[in-house]
Amino acid sequence: MSSFILNALLISVLVGVLLPIVGSFAFLRKSTFFGAGMAHTAFAGAAMGIALGIEPLLTATLFAIVSAIGIWYLTKSKKLTQDASIGVFFSVSMALGILFLSRTGNYASDAMTYLVGNVLAVTDTDIAAVFAVLLFVIAAVLMFWKELFLSTLSEELAKASGLKVDIISLWTMIIMSVAVVVTLKAVGTLLLFGLLVMPAAAAYQLTRRLASMIVVASLIGVFSGLVGTILSIYLDLPTGPMIVLVAFVLMAIAYRVKR
Amino acid sequence: MDVIVFDNVTIGYDGNPVQRGLSFGVKRGEFWAIVGPNGTGKSTLIKTIIGLLPPISGTVYVLGCPATHVCEHRKRIGYVPQMNEIDPMFPATALDIVLTGIFPKLGLFKRPSRKHVELALNLLDEVGLSDKADAIFRELSGGQKRRVLIARALMGKPEILIFDEPTAGVDVASEEQLVKLITKLHSENGLTTLFVTHNVNPILDHIDKVILLGVGFHVIGDRKTLFDREVLRRIYGREVDIICTPEQKYYILPEDHHHE
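Chains as they are written, first to last, in our numbering: chain A, 1 to 259; chain B, 1 to 260.
Everything labelled a hint here was simulated from the structure, so no lab data went into it.
Glycine included, every Cβ here is placed at the ideal spot set by N, Cα and C.
Any given hint might turn out to be false.
What the hints assert, rightly or not - Calculated pairs, BS3-like style, for lysine-lysine (alpha carbon to alpha carbon, straight line, at most 27 angstroms):
(1) B:105 / A:164
(2) A:30 / B:145
(3) A:258 / B:132
(4) B:75 / A:164
(5) B:249 / B:180
(6) B:249 / B:27
(7) A:164 / B:157
(8) B:132 / A:76
(9) B:115 / B:75
(10) B:75 / B:110
To be verified - What follows is a list of derived Cβ distance ranges for each label pair:
(11) B:69 / A:255: 44 to 52 angstroms
(12) A:255 / B:244: 52 to 60 angstroms
(13) B:57 / A:125: 56 to 64 angstroms
Let's have the full structure, built from the sequences with the hints guiding it.
Laid out in structure tokens, this is it:
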């Protein structure tokens with residue numbers, strides 16, 4: 001098996017675990033649209049990096065974190081609702097991304113990789129970045145399980161218990177934006193949302209408790225990633241759409257089973 | 001000793017006052033009702049006591065500590081919020097939800113122990129849900145969900161119990177069970193209890209003191225205040241009937257209740 005296929009399978013597994021973990025919390029906190037917003041702001045950052053000759057992962061991370069803090073601030077200060085704040089950052093980022101793309105000339109195809117994703121284009125560095133973020137996310141979820149559990153169940157109860165809910169919310173948003181950035185190249189801006197939402201939605205139907213929901217969502221994510229990648233290689237079709245379509249089929253089955 | 005002290009307090013959101021000049025002291029073991037129509041500041045008052053909202057002016061002390069300070073006193077308050085403050089579809093068992101009541105007392109990275117699980121199971125038994133420990137929270141009835149939240153509030157062995165509209169939206173039988181449970185907790189354990197409600201009738205016999213909230217004004221007094229028709233008329237903006245049954249049970253009803 002060639003190394004790029006091995007890399008593709010490996011990144012599919014890692015992304016298949018990472019996005020459904022953060023997606024489960026986003027799903028329960030009703031902020032999945034935030035993931036879509038982050039994917040688009042990260043895309044603008046990547047396009048800027050390519051246009052300026054800077055490492056796209058760095059500029060994408062910077063854009064996503066600044067946007068996450070901006071959305072958090074606008075929402076917390078009640079200047080805008082969360083969905084409106086995301087909408088603002090989403091559209092401005094896409095505008096910037098397209099402007100940067102218009103200046104990238106021959107490198108436009110690199111930028112397109114961030115838009116539609118390509119697991120076959122990932123490098124060892126990309127895999128290491130996703131693996132590092134995955135370890136960080138798993139450690140954060142385990143260490144702050146009580147805080148995440150209670151603030152997701154009820155912000156009011158969490159605040160009444162003395163938890164700094166705003167800070168938890170900010171960290172959750174930053175972690176989600178970093179998770180989105182590192183998986184962008186593999187899955188792509190347009191399709192990443194699917195792996196955030198669908199495994200979590202399917203697992204919610206099949207499980208009774210938060211911990212088992214996260215585990216099942218990750219299993220569904222891994223299965224979607226592996227099967228989608230293998231199908232795309234054998235059928236010579238784009239990988240991102242295949243992964244998302246497999247996730248969709250699994251979600252449809254989960255809803256059917258539950259019914 | 002007063003466990004809750006309000007000294008000339010103005011409460012509200014974002015600097016907009018809802019009630020001004022609130023001054024009162026709640027003694028240990030008392031049962032207080034907070035009554036009034038929508039939008040008069042019942043939940044705002046509760047959030048101020050719990051420390052979720054700072055008072056616009058004046059001072060609030062709870063268990064000897066300023067209410068807005070995040071200190072030990074918060075762990076000695078058991079709070080049962082309105083159901084719309086909880087995600088009703090959250091994936092957890094009833095036992096999981098009850099165990100969250102001990103979270104504030106656990107240190108960073110610590111998990112509930114076997115002892116905590118036993119305590120949670122005992123509390124579920126106390127609220128009449130011993131057979132529902134493994135039931136899925138989202139599949140319980142409205143009344144059962146509230147009893148789970150009461151068990152949760154008891155996990156931290158509170159000195160003050162605060163209920164924000166605990167009987168809203170439940171059927172009459174569930175309302176009766178909830179009131180019986182709450183008044184039993186108050187009388188048997190001597191817990192200071194604050195009970196926010198639209199409908200004071202189910203708890204009328206148990207009230208020591210009452211805060212009646214109208215639009216921009218309030219009346220604080222003992223149980224007898226609730227039988228002052230003039231006060232009730234001002235609070236509700238309409239005439240109110242006070243009915244006494246042969247069993248000496250009182251009911252406060254809008255005057256046109258027999259037409260409804």
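Practice item. Run the structure past the numbered hints and jot down the numbers of the failing ones, going up. Key: 8
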